[in-house]
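2 protein chains.
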Amino acid sequence: MKLNDLQSKAPAWTLARRAERMNPSVIREILKVTERPGIISFAGGLPSPKTFPVQAFHEACEKVLRDDGHGALQYAASEGYGPLREQVAALLPWNVDPAQVLITTGSQQALDLIAKVLIDAGSRILVETPTYLGALQAFAPMEPEVVGVKGDAHGVDLADLGAKAPGARFFYVLPNFQNPTGRMMSEAGRAGLATAAAQLNLPLVEDNPYGDLWFDAPPPAPLTARNPEGSIYMGSFSKVLAPGLRLGYVVAPAAIAPKLLQAKQAADLHTPGFNQRVVSEVLKDGFLDRHVPTIRALYREQRDAMLRALDREMAGLDVQWNKPDGGMFLWARLPEGVRALDLLPKAVDRGVAFVPGAAFYAEVPDERTLRLSFVTATPEQIDTGIAALAAAIREAL
Amino acid sequence: MKLNDLQSKAPAWTLARRAERMNPSVIREILKVTERPGIISFAGGLPSPKTFPVQAFHEACEKVLRDDGHGALQYAASEGYGPLREQVAALLPWNVDPAQVLITTGSQQALDLIAKVLIDAGSRILVETPTYLGALQAFAPMEPEVVGVKGDAHGVDLADLGAKAPGARFFYVLPNFQNPTGRMMSEAGRAGLATAAAQLNLPLVEDNPYGDLWFDAPPPAPLTARNPEGSIYMGSFSKVLAPGLRLGYVVAPAAIAPKLLQAKQAADLHTPGFNQRVVSEVLKDGFLDRHVPTIRALYREQRDAMLRALDREMAGLDVQWNKPDGGMFLWARLPEGVRALDLLPKAVDRGVAFVPGAAFYAEVPDERTLRLSFVTATPEQIDTGIAALAAAIREAL
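Just so you know, the sequences run in chain order A and B.
Count along the first sequence from 1, then add 3; that gives the number in our numbering.
Count along the second sequence from 1, then add 3; that gives the number in our numbering.
Bear in mind the hints are in silico, worked out from the structure with no lab data behind them.
Please note that a few of the clues may not be correct.
Where chains are identical, the list cannot tell them apart; a pair therefore holds if satisfied intra-copy or between any two copies.
[Stated by the list, open to error] Keeping only pairs whose Cα atoms sit at most 25 angstroms apart, straight-line, the calculated DMTMM-like set for lysine to aspartate or glutamate is:
| id | residue 1 | residue 2 |
| --- | --- | --- |
| 1 | Lys153 | Asp163 |
| 2 | Lys35 | Asp352 |
| 3 | Lys35 | Glu89 |
| 4 | Lys349 | Asp369 |
| 5 | Lys287 | Glu65 |
| 6 | Lys349 | Glu383 |
Please build the complete structure, drawing on both the sequences and the hints.
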């Protein structure tokens, strides 16, 4: 057989069953559209690049390479860089042993590892309604049965949780300024959920990428702080430093931590050691205590700009929205009869983009919902963009 | 229920079935022992840190942060950084469209993505005998039936391959200076395997982290170059630049690439954009053409030192070993009746460590084999270490 014959020969690739569940992220497809020049995007979940401490990274890179460049560029332990694990443990508001901290390649990877360790094909897992799309995507390859639990602005519907918990492997919750809704679970909501989960013998998987981005007052204590043995906790440096280094972490009880570590070894051996040392260096001397308040102030201004624009531009339209106390997102609901997915092309024609809320539902979506990020566009762009959105809604009515 | 009650309540964590297959890496456990001061380690797969171009990284970090620090620290495309994908395509010795190149968090992640996309529970997959342990660990969570194909120093036993291929999802091969054996598949071996795979309708998964580390002459063309539609190809910057940035890549045919991309999105969103830009910067102006020859020269000297030490110290002992033409590893076989796993503690007592070969077999191991890395220890340490190993073998006889 000649080379040419071989080259024309496509063999019998057989895809895994789970590959059928893998689909391009709706959001990423939308983001491609929004990269067109002139589009004002409320779609992305991108932190404002103004908040990235470029100079601090600059100095940290230089120091890490100067002090121990060879060590920083070598293979490293799957668990993560020791000093960074200690810094993470010290940042958390309950008693965490650094040995429980596993450094991950963004907190998205923690979701992948948790899925591998806790989900069998057909396993029931519970999520909020709506929930973080990236979590649904990370869980999907392990072929779970994903069940949405009802909730409102304050917390979870405990009766619904009780009905759906039997046999569930875990309940995935994002209590602080949730992606996509921006909502924050109240103290009463947390206390009730923690008690119910313990009574139901239901493990919690708590995701907290946005908790530090509060505007008026810090959120109540994490669910994990209330029952560390019954919870896995995930955090990230993506929103308080920068996402481009891909640094997150997961804190798991002793029953789970060794399996997550083994899954981590198999997934990418370890998170880049250079990045871990750079972030560890940046974190020294209380950097976050000085830096994060500047992000809060900026995002609060941006949220206020969007709320003002919504008040002004949506007057007379039957559009509803919430007032997030932190984070990056605001959640809105369109007038009866207007589907967000149908509105999107009309809005893009007028130069503004958003993410239809349907993407964030595990089961039946509320097709009138949409997610608006208030952190990427400037206040002036927010004014223009919200006016364009209102015009598109009027057209759709 | 009080907080204290909750804290003492460990819920019913149920592990996924695949978690039972996850075990601590034998090698990583051994490496912990070898971190004891004074131990000469032939165990690790660590590139020599002398080869890391720290100054080039230094300059590249500075340039990337100065030219577009905010872009480098922002979320980025799951596919990878465009210019780096083009550079990878240009490095490969067949016609590769940059759109087929997916940047991964080390090539270990490519194994994880391939497993997710191509392996169902119970799927038959074929590997060499022996094979890379990290691949076995990456495939294991998807619960395949892993079958070892016989082979020798020149290539694969095609009769055995023919018998085992029916129904197999793919054959995983590492043709260049394989981990663990250091062996290189000959041109005849490659031609025969490429033809057989095409006739058998058997997809190949080709892993090539060591191909650039040849000592006398470059290896024959990759298997993938002979049938790109029938192969997935993996490469890495870990051995030609440095592993601590975790940068690898996978090139897949159009039938598979979109699914790998979707698995990548779910796994960690994207490989750190900062690292990708830094490596892209380092690669400019033919850096590898100047740098890689220095690694080859160093590793060749190290291999020669180990071969000389083996000749001298193993005289009169019935120990066999090969003479690798590149890479980082040498494969040895102990006298009859001596198991490498039993020898290890005796060797460690005498101050030297290696990896027992049994870890690298998918099925029945040859327990007399062991892997010796010749790149981490200095020539003087190699002399001392091989003498200590010979003494341990004499004691074990």
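Outcome of the hint check:
In the homo-oligomer, the alpha carbons of Lys153 and Asp163 lie at most 25 angstroms apart inside one protomer (6 angstroms), although the nearest pairing across protomers, at 56 angstroms, exceeds that limit. In the homo-oligomer, the alpha carbons of Lys35 and Asp352 lie at most 25 angstroms apart inside one protomer (15 angstroms), although the nearest pairing across protomers, at 60 angstroms, exceeds that limit. Within a single copy, Lys35 and Glu89 get their C-alpha atoms only as close as 39 angstroms, which misses the 25 angstroms cut-off; across copies the closest is 20 angstroms, which meets it. Proximity of Lys349 and Asp369 under a CA criterion of 25 angstroms is satisfied intra-copy only: 19 angstroms inside one chain copy versus 67 angstroms between copies.
Taking the closest pair of Cα atoms, Lys287 and Glu65 come within 25 angstroms of each other both inside a single copy (15 angstroms) and across two copies (21 angstroms). In this assembly of identical chains, the alpha carbons of Lys349 and Glu383 lie at most 25 angstroms apart only when taken from the same copy (21 angstroms versus 72 angstroms across copies).
In this structure, every one of the numbered hints holds.
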